[in-house]
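Protein chains in written order, with my numbering: chain A, 1 to 269; chain B, 270 to 530.
No incorrect hints appear here.
Listed next, the in silico SDA-like pairs over lysine to any residue satisfying Cα-Cα at most 25 Å (straight line):
(1) A/71 to B/424
(2) A/263 to A/232
(3) A/127 to B/434
(4) A/111 to B/525
(5) A/111 to B/444
(6) A/126 to B/435
(7) A/111 to B/526
(8) A/111 to B/521
(9) A/14 to B/429
(10) A/266 to A/56
(11) B/319 to B/299
(12) A/144 to B/444
(13) A/144 to B/514
(14) A/127 to B/521
(15) A/145 to B/519
(16) A/144 to B/517
(17) B/437 to A/88
(18) A/120 to B/432
(19) B/515 to B/287
(20) A/71 to B/423
(21) B/437 to A/117
(22) A/71 to B/435
(23) A/144 to B/519
(24) A/145 to B/448
(25) A/111 to B/445
(26) B/437 to A/87
(27) A/111 to B/435
(28) A/145 to B/518
Treat the hints as calculated values from the structure; they're not laboratory data.
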Amino acid sequence: MSNNSYTKNEVLLKATDVSLQYGDKQILRDINFSVHDIHRPELSQGQVVSLIGRSGIGKTQLFRILAGLNKPTTGTVLIDEDQHPVHPGEMGIVPQNYVLFNHRSIYNNLKIGLDNAAVKLSDAEKKAIINDYADTFQLSEHLKKYPAQLSGGQRQRVSIIQQVLTGNKFILLDEPFSGLDILMIDRVIGLLQKVSTLAEHNTLIIVSHDIENAAALSDTVWILAQEEAKPGATIVKEYDLCHMGLAWTPEIRSNPDFVGLIKEIKSRL
Amino acid sequence: MNLIKSFFEPLRIISRRNMIFLMIAEIVLALLAWQLSGGGLIPTPVKVLKALGGIASAPDFIDNLFASLSLTIKGMAISILIALVISYLAMIPFFHPIARFVVKCRYLTLTGLIFLFTLWTQNGHQLKVSLLIFGIVPFFVTSLLAEFESINMQEFELCTTLRMNSWKTWLEVVVRGRLDQVFEVMRQNFAIAWLMITSVEGLSMSEGGLGVMLIKANKYVQLEAVFGTLVIIFILGVLFDYILGKMRQWLFPYTNLQTRK
Numbered sequence: 001m002s003n004n005s006y007t008k009n010e011v012l013l014k015a016t017d018v019s020l021q022y023g024d025k026q027i028l029r030d031i032n033f034s035v036h037d038i039h040r041p042e043l044s045q046g047q048v049v050s051l052i053g054r055s056g057i058g059k060t061q062l063f064r065i066l067a068g069l070n071k072p073t074t075g076t077v078l079i080d081e082d083q084h085p086v087h088p089g090e091m092g093i094v095p096q097n098y099v100l101f102n103h104r105s106i107y108n109n110l111k112i113g114l115d116n117a118a119v120k121l122s123d124a125e126k127k128a129i130i131n132d133y134a135d136t137f138q139l140s141e142h143l144k145k146y147p148a149q150l151s152g153g154q155r156q157r158v159s160i161i162q163q164v165l166t167g168n169k170f171i172l173l174d175e176p177f178s179g180l181d182i183l184m185i186d187r188v189i190g191l192l193q194k195v196s197t198l199a200e201h202n203t204l205i206i207v208s209h210d211i212e213n214a215a216a217l218s219d220t221v222w223i224l225a226q227e228e229a230k231p232g233a234t235i236v237k238e239y240d241l242c243h244m245g246l247a248w249t250p251e252i253r254s255n256p257d258f259v260g261l262i263k264e265i266k267s268r269l
Numbered sequence: 270m271n272l273i274k275s276f277f278e279p280l281r282i283i284s285r286r287n288m289i290f291l292m293i294a295e296i297v298l299a300l301l302a303w304q305l306s307g308g309g310l311i312p313t314p315v316k317v318l319k320a321l322g323g324i325a326s327a328p329d330f331i332d333n334l335f336a337s338l339s340l341t342i343k344g345m346a347i348s349i350l351i352a353l354v355i356s357y358l359a360m361i362p363f364f365h366p367i368a369r370f371v372v373k374c375r376y377l378t379l380t381g382l383i384f385l386f387t388l389w390t391q392n393g394h395q396l397k398v399s400l401l402i403f404g405i406v407p408f409f410v411t412s413l414l415a416e417f418e419s420i421n422m423q424e425f426e427l428c429t430t431l432r433m434n435s436w437k438t439w440l441e442v443v444v445r446g447r448l449d450q451v452f453e454v455m456r457q458n459f460a461i462a463w464l465m466i467t468s469v470e471g472l473s474m475s476e477g478g479l480g481v482m483l484i485k486a487n488k489y490v491q492l493e494a495v496f497g498t499l500v501i502i503f504i505l506g507v508l509f510d511y512i513l514g515k516m517r518q519w520l521f522p523y524t525n526l527q528t529r530k
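If we strip away everything but chain B, and leave its shape as in the complex, we get (with noise of 0.2 Å):
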């Protein structure tokens, strides 16, 4: 009884174990609900694991699922390199305003700018990579620049006690301090990424990709394929986040020190 009490107590923290029963209990619930709830439009969970049967074993698939993936990654990789320069960069009063028009980029949507960047692209996969980009930069730059205004000017005000000029003091406090939150926001920007890879890659469907798969599964009305392809997107997206959190508790093993288990 007490057990159950504590899943509805706010701020309690319960044993790893704890939130596994209840994470595990609660897919086995949401599954139920959509299994019994089923018949409709939306395909019930046996269908869709049949479909997923069907997708994995097309012969296709495994390009198509490599084509989404190194889209993704060459689109997240030129992204970061990018975002990470504008963002330490900003630090720096001159280039401070540029910085702040790249986060107000969010506001500009892709579809108007599509014309222009097939003028300046030369194929389809430049295409691509130039939208994810332009896409998630400025998503990455405003995360990672309200992630360095909010370091606690004590930080600071410690290099100066301790001598160091303002370029050791920025490499010090927002370079090397900061690395473990840009890759928290990389961890959590990968999922923009990823959910903006099925809408670039229906641009130029030559090569293929989950993307691909999905426009052509809703084009003629196979609900079980598309919501298998979306389980897929789904379970891969969660795969990466996990991935990508591990890493970072392995590569700074100090984050882990400062927060709730």
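Looking at chain A on its own, in the form it has when it is part of the complex (with noise of 0.2 Å):
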């Protein structure tokens, strides 16, 4: 069996005929898409997909659709096994300028992950587990300072773990690798696998307009375009990556296939 053999099995996320219009102004139309779970040999697997459109489509507004914080004008989201519509609340979000308590110190807004998780610890096992994922992702240092201490990629990786803390399986990130260098893109791109591959049912939804990053990272890449002579924007193509032999490899990038991907992205936007 190779490396990359995998099987899709049950429906996590489904989104089915959903549109959003604003007075006469159609902003999405007809989106249709689901996530299966995705199984491979003695892994912790999560699904990463990403959603891949130029500024201003309305990628943030299906962002917050899927978040369960907008209600789109028709059509419905659903979520987890048994396949209950979303609430607020249920898919954690990571948005664009990482936003944190400015009140508490680091290790406070992690702490208040867990203080809201399902699972009740004592705060000697909450230390515990802050001080593990403080450790795993370079944040030990950080832990006494406040928020407005940071750098933008340290923000963004509190923002994160604060999500995973929480217990949220579903994580949306609005626009991860803007605003950062080559260097923090490649660490971010570390973390959102670490993040995925913490448990099976763990799933990362990007939203993106960054093509190559979000492409290298994910398992399946959904398109966000306008059709022709068509209101609204809509999923215009999906890309299994698995299927494709693309996804969960490193060195991604300086594959043919990948390089050719992104070309047929490009020109589909």
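Join the two chains into one complex using the hints; note that each chain is given alone, in its own frame.
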């Protein structure tokens, strides 16, 4: 069996006929997609899907609908194995500007994630978990600092871990590569890969206009764009990178098939 | 030359040392201009300074000072308590109209209500405290509500994604998250309380106070004493402002991390 053998099982997230309209203006139209639980032998393989589209196309609106923060004009978003409608709070979100509680230290920002988790823990257990995550994600020396004292990349890591600690299996990330330098982008990709493999059902949904980085990390890519002569953005193409043999591959950027894929995606936007 | 040029450049951040130098230079210049233009109705700084000495050594000065300070602190403490309750409750829809009404009470003149307050209260002290509270609370609530209403929506959404219910969200974002701003509002509005003190003290002069000293000096056209008392009130106000500012930095160390230095 090859390292990249996999099976796709039950549906974890399904959007059906999602549309969004403000007055006469159609923002999103007939959006349909589903995320399946991916199994890889001897691995806790979560799902990483990317929603790629040009700026202003409606990615953030779709992001908010998926998170349950906004209601679509029509359609449904169902999550988990029992496929119930998404409620606000069931999906973690990491916004582009990495919002944290400025009055709490980094330690306490992470602790609040555990305070509200489904599993109740003692303070000692919480401390051990936070220290463990801080160590893994290189934040140990920053635990006593306040968010305003951290760089953008560090804030992003805190923001992601905060959501993981809350126990959210689904995490939506809005433009996670925006404003980061090349080295930081590689570190973020490493971090997200790590988060995606923490648990079998962990599902990361990346909303981005950065095609190359988003695709390099993902097992599925959706293209959000406008179809000719039709109002509103919709999913115009889905790429199954597992099926194409382009998922979970280190050094994927130099793979000729991947380079070809990026060209094709660009042409569709 | 560059240093002088930097003093006149918009948005230029100058060193703390240079800023202190600038402040002292401007104060000295202002005092000089005051001294040189003096001789008319306004007493010169030297005369005010002499009057200050006389005021400070007067036997009833400490009592008057203490009367004003205790009245201000008592009025402020009760006002803060009332304003905080009204402002925090304003985040709950049922109480929002009440808070909005309190905000509009800024336009109610105290002079028209003195008679009503005189009937409601039992003595001069109570009358002064209640007028002080009635005068301060609407300004406090206005500033606090403006602060709460400017909270970024994303902070509330963060709480939602962290599975916090609406009460926890309110406690985290509005109460805990804005404690430093509440302190700042308190600091800014202390000036209003301090200004009002001289007006309300005139309503019941038996307890004394800096306001009573001012009224008496005005009555007998003792301009040096009037200016001397004003200087004391001004210096005390500036001192309190400084102390409250330092306390804010000490209590909420994160506030200074996000401001221009």
